[in-house]
Amino acid sequence: MTSAPVGLSREQMAARAARDIADGSYVNLGIGMPEMIAQFIPEGCEVILHTENGLLGMGPSPDDGYGDPELINAGKRQVTALPGASYFHHADSFAMIRGGHLNLCVLGALEVAANGDLANWSTGGDSIPAVGGAMDLVSGVKAVYVMTSHCTRDGTPKLVESCTYPLTGVGVVDRIYTDLAVVDIGPDGFEVVDLTAGVSFDEVAALTAGPIRDARSTEVER
Amino acid sequence: MIDKRVADPEQAVAGVADGATVMIGGFGEAGSPIELIHALIDHGATDLTVVNNNTGSGEVGLAALIRAGSVAKMICSYPRSTNSTVFPDLYRSGRIELELVPQGTLAERIRAGGAGIPGFYTPTAVGTELAEGREQREFNGRGHVLEHALTADLALIKARVADLHGNLLYNRTARNFSPLMAMAATTTVVQAAEVVSPGEIDPEAVVTPGIFVDRVVHVGSPAHESDLVARGVTYP
Numbered sequence: 001m002t003s004a005p006v007g008l009s010r011e012q013m014a015a016r017a018a019r020d021i022a023d024g025s026y027v028n029l030g031i032g033m034p035e036m037i038a039q040f041i042p043e044g045c046e047v048i049l050h051t052e053n054g055l056l057g058m059g060p061s062p063d064d065g066y067g068d069p070e071l072i073n074a075g076k077r078q079v080t081a082l083p084g085a086s087y088f089h090h091a092d093s094f095a096m097i098r099g100g101h102l103n104l105c106v107l108g109a110l111e112v113a114a115n116g117d118l119a120n121w122s123t124g125g126d127s128i129p130a131v132g133g134a135m136d137l138v139s140g141v142k143a144v145y146v147m148t149s150h151c152t153r154d155g156t157p158k159l160v161e162s163c164t165y166p167l168t169g170v171g172v173v174d175r176i177y178t179d180l181a182v183v184d185i186g187p188d189g190f191e192v193v194d195l196t197a198g199v200s201f202d203e204v205a206a207l208t209a210g211p212i213r214d215a216r217s218t219e220v221e222r
Numbered sequence: 001m002i003d004k005r006v007a008d009p010e011q012a013v014a015g016v017a018d019g020a021t022v023m024i025g026g027f028g029e030a031g032s033p034i035e036l037i038h039a040l041i042d043h044g045a046t047d048l049t050v051v052n053n054n055t056g057s058g059e060v061g062l063a064a065l066i067r068a069g070s071v072a073k074m075i076c077s078y079p080r081s082t083n084s085t086v087f088p089d090l091y092r093s094g095r096i097e098l099e100l101v102p103q104g105t106l107a108e109r110i111r112a113g114g115a116g117i118p119g120f121y122t123p124t125a126v127g128t129e130l131a132e133g134r135e136q137r138e139f140n141g142r143g144h145v146l147e148h149a150l151t152a153d154l155a156l157i158k159a160r161v162a163d164l165h166g167n168l169l170y171n172r173t174a175r176n177f178s179p180l181m182a183m184a185a186t187t188t189v190v191q192a193a194e195v196v197s198p199g200e201i202d203p204e205a206v207v208t209p210g211i212f213v214d215r216v217v218h219v220g221s222p223a224h225e226s227d228l229v230a231r232g233v234t235y236p
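Chains P and L supply the protein sequences, listed in that same order. For the first sequence, the positions run 1 to 222 when this note's numbering is used. For the second sequence, the positions run 1 to 236 when this note's numbering is used.
No lab work stands behind these hints, which were simulated from the structure alone. All clues given are correct.
Chain P is faced by these chain L residues, among others (derived, beta-carbon under 8 Å): (1) Gly-28; (2) Ser-77; (3) Tyr-78; (4) Pro-79; (5) Tyr-91; (6) Pro-102; (7) Gln-103; (8) Thr-105; (9) Thr-122; (10) Asn-171; (11) Arg-172; (12) Pro-179; (13) Leu-180.
Ideal Cβ positions, reconstructed from N, Cα and C, are used throughout, including at glycine.
With these hints in hand, go ahead and build the complete structure from the sequences.
Spelled out as structure tokens, the structure:
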């Protein structure tokens, strides 16, 4: 019996994903874990955050007592507007999304399939179906990244051959940041492009339920 | 002389019929016209179809309208809230209908309705269960779903400033669906925290031109949904 590899914390995952965001990008961060990426944008890198409820240039939560219940993000949490921000209505906001004007979105996932299918909006069954803007984001944003734990709490892989939950989009995911690895979607399935320190490719492969290969370039290997 | 003011929220929602479709601005509590929604509850119209991104929180505003039994159907993208069981309870017991629409598609359907476009094709939701049974067509090698425009009998809108012509400014992210809904409804009713004379809003800054607005009611200190929920207020 081997023990599960020790992966990154949520903060470390957010910091790892933040490292790959290009200066000057317009980015939409999904509610929950992806939101944390905002705290780790490297110094000197200016990233404009979009929130689909009508704000470009979203800043962090306000100090106590300085919030406005009508200045919120898509998760309905109070935020701030940075210098250079703009407000707009929903049709413009989703024109930015659907029209391919955003460089990147980072979303959570229930499952990602080896062909890039994403399931992240419904667990099916008795839950109240709620889709929000997820389907619009994956259909329109230039690059779609996912940030998720590699497995569920009970150890079930979230990177799978094909999704069992209802799909958010077909073949839409470009890259996945997990606690164990950075995984691209390639023509033949999952491609590991970076590993968390102390985690081996074989360990990642054993916890992945779809075709996976080691695609780390020799330059990246340490 | 054009003066779209009415005396109070009761007059603002007068005339709405049973079975009407009502668009209600707001994303969560941002832009939610609580005073107008409460006037609609008092009015007593039933069997309404309501278009809003969400289904309200607590037991005030939209959640109160649903709880009052006024709503037969919700058209929305995200009918979940951390602090309201009103919609989920009715939905699970089969007493309210839900049309779930991706958020950007919802916005564009409303915009199209106001712009005289009966339908459009979008790539959103292709290959998902929300596109099942829908007319689809390929453009540039990519699948698209036909979506139909949405219009309404009544739109309830919250603005920060209105002039007597109905030109509107909003407050920050309270804008969201409101400019689209104002275009898409036969009668658009606006509650504004400040009502000014024509000319006092810079024409360059007008967000919703007055042509889309029928009635303006002054609500000087609008309630915030989160305040009401935190204080345990229920309506009525």
